[in-house]
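Asks: Work out the full structure: start from the sequences and follow the hints.
Chains A and B supply the protein sequences, listed in that same order.
Counting from 1, one number per residue, gives the positions in the first sequence under the working numbering.
Counting from 1001, one number per residue, gives the positions in the second sequence under the working numbering.
Calculated directly from the structure, the hints in this document are not laboratory data.
We put the CB at the ideal spot given by N, CA and C, even for glycine.
Any given hint could turn out to be false.
Cβ-Cβ distance ranges computed for the label pairs, FRET-style [unchecked claim]:
id, chain 1, residue 1, chain 2, residue 2, range
1, B, V1098, A, V105, 31 to 39 Å
2, A, W57, B, V1098, 53 to 61 Å
3, B, P1051, A, D170, 20 to 28 Å
4, B, E1018, A, I113, 44 to 52 Å
5, A, Q189, B, I1209, 27 to 35 Å
Non-contacting residues of chain A with respect to chain B, defined by C-beta distances greater than 12 Å in every case (computed) [what the hints assert, rightly or not]:
id, residue
6, I27
7, S35
8, L118
9, P131
10, V259
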Amino acid sequence: MSSPSAPHDERGNAARRSRRSDRTFLICFSVLAGSYLLLLVSTLVADLFYTSPGHLWRALQSAEIRYAIRLSLLSCTLTALLSLWVAVPIAYLMARLKFPGKGLVDALLDIPIVLPPLVIGLSLLILFQTPPGRAVERWVPVTYAVPSVILAQFMVACAFAVRTLRATFDQISPRHEQVALTLGCSRSQAFWMVILPEARRGVLTAGTLAWARALGEFGPILVFSGATRFKTEVLSTTVFLELSVGNLEAAVAVSLLMVAAAVAVLLLIRTQGLESALGRPL
Amino acid sequence: MISLERVTVGVGRFELREISFSLRSGAYGVLMGRTGSGKTTLLEAICGLRPVRAGRIRLQDQDVTDLPPAARGIGFVPQEGALFGHLTVRQHLEFALVIRRWDPERIRVRVGELAEWLGLEALLDRVPQGLSGGETQRVALGRALSFQPGILCLDEPLSALDDESRADICTVLEGVRTRTGVTVLHITHNLAEAERLADTLLRLHHGSIDIQIPPASR
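Replies: As structure tokens, then:
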């Protein structure tokens, strides 16, 4: 006959095994997650130690870099506004309408996200060599000029804005719009008075992400706009140009400026609690 | 008055064919039926939110089949209230009146009346987040009645409420009929609620409507 305490001991052992297994699982995941975070933080710390306030100050004094900062701020802001202008209607229509070929349109909208950046630049370059592209160039010089910087940034940034806003509009129940219609609104009044105000956080997130994405754009700008100082040089091009002439200190200093801008954008998004508008943490 | 004449309406492959019924002016009609029987689809068709495939819809003796929702004069209260997250309770009550360009003094008076009747005075400057289920439905009801519509459509407005709030809103709905004379079409699954409120009971099953007059209303 077995001891009366045997089932009790068995349950205790099973509980211990379960706790050990849970602990091992969590430790394994924490190590993997921690290693990636460590890599991220290490690169930032390495950048910080490589440079000094003197390098940063000299970088900020350079006329070329000041031009690049100005052009970056201007082009990123215009790109973000342009992206929102286009992404709001696209995302709204995609969230609300059902039509044949919607899956195809959805896939097309993601092309700038999955395409290699250099290919986007090359495609834009080729587009402006076609007869319609040349016709536009006769009126407004685009290729290797400032508009090409904005267009190259817009191609990618707009796709991210569309994705963000699509998630936002998907989350707003069509019932809200329907109630507004019964209350006397036309479709456009329902959009401007109900849907867009309810999507305001998503719109701000999309604009901020588009701005940050535009700031980091390099490949399409290099191909489509070139890297001409005092003309089409933005901060990402500055890093490349400074590296190519062996001025690593200036390249790192400019990189840190971009890191600071990116962190500021992320902080802005977090403090606004905008991840809730996306339905997921950013 | 709500009158449907051989109305066919559907969503995808689901279709309600040739539905006909009539609800006299000032009646309180309760529409019952199994889940998925098409009650909400029918209500949406009446509100103009879903196009009908055939038949005519008449409201207050006017053919509204081809009119947009805004022109039908229907107050609509959906199941979950669907309050607008960026507006205060006061702005909800003002919404339809601002759209209709009422003058500010008239809007102020109307909002005051509604707030007093529905017990919303203390909530006027609150936003929907944080309102209880009963408060949400009171605001949704006030918003729907603000512009004095001839028809009120309620899509299971009590289904998400606790017993106390349910009884409370039932009392408010009883008051709606006596106070406004509006024609009400109310969807519910709850027989007790239907017997308490309805003077005309509409049962939707197998794609057709049976009309019953509850004994209390005869």
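Asks: Which hint numbers does the structure go against, in order from smallest to largest?
Replies: none
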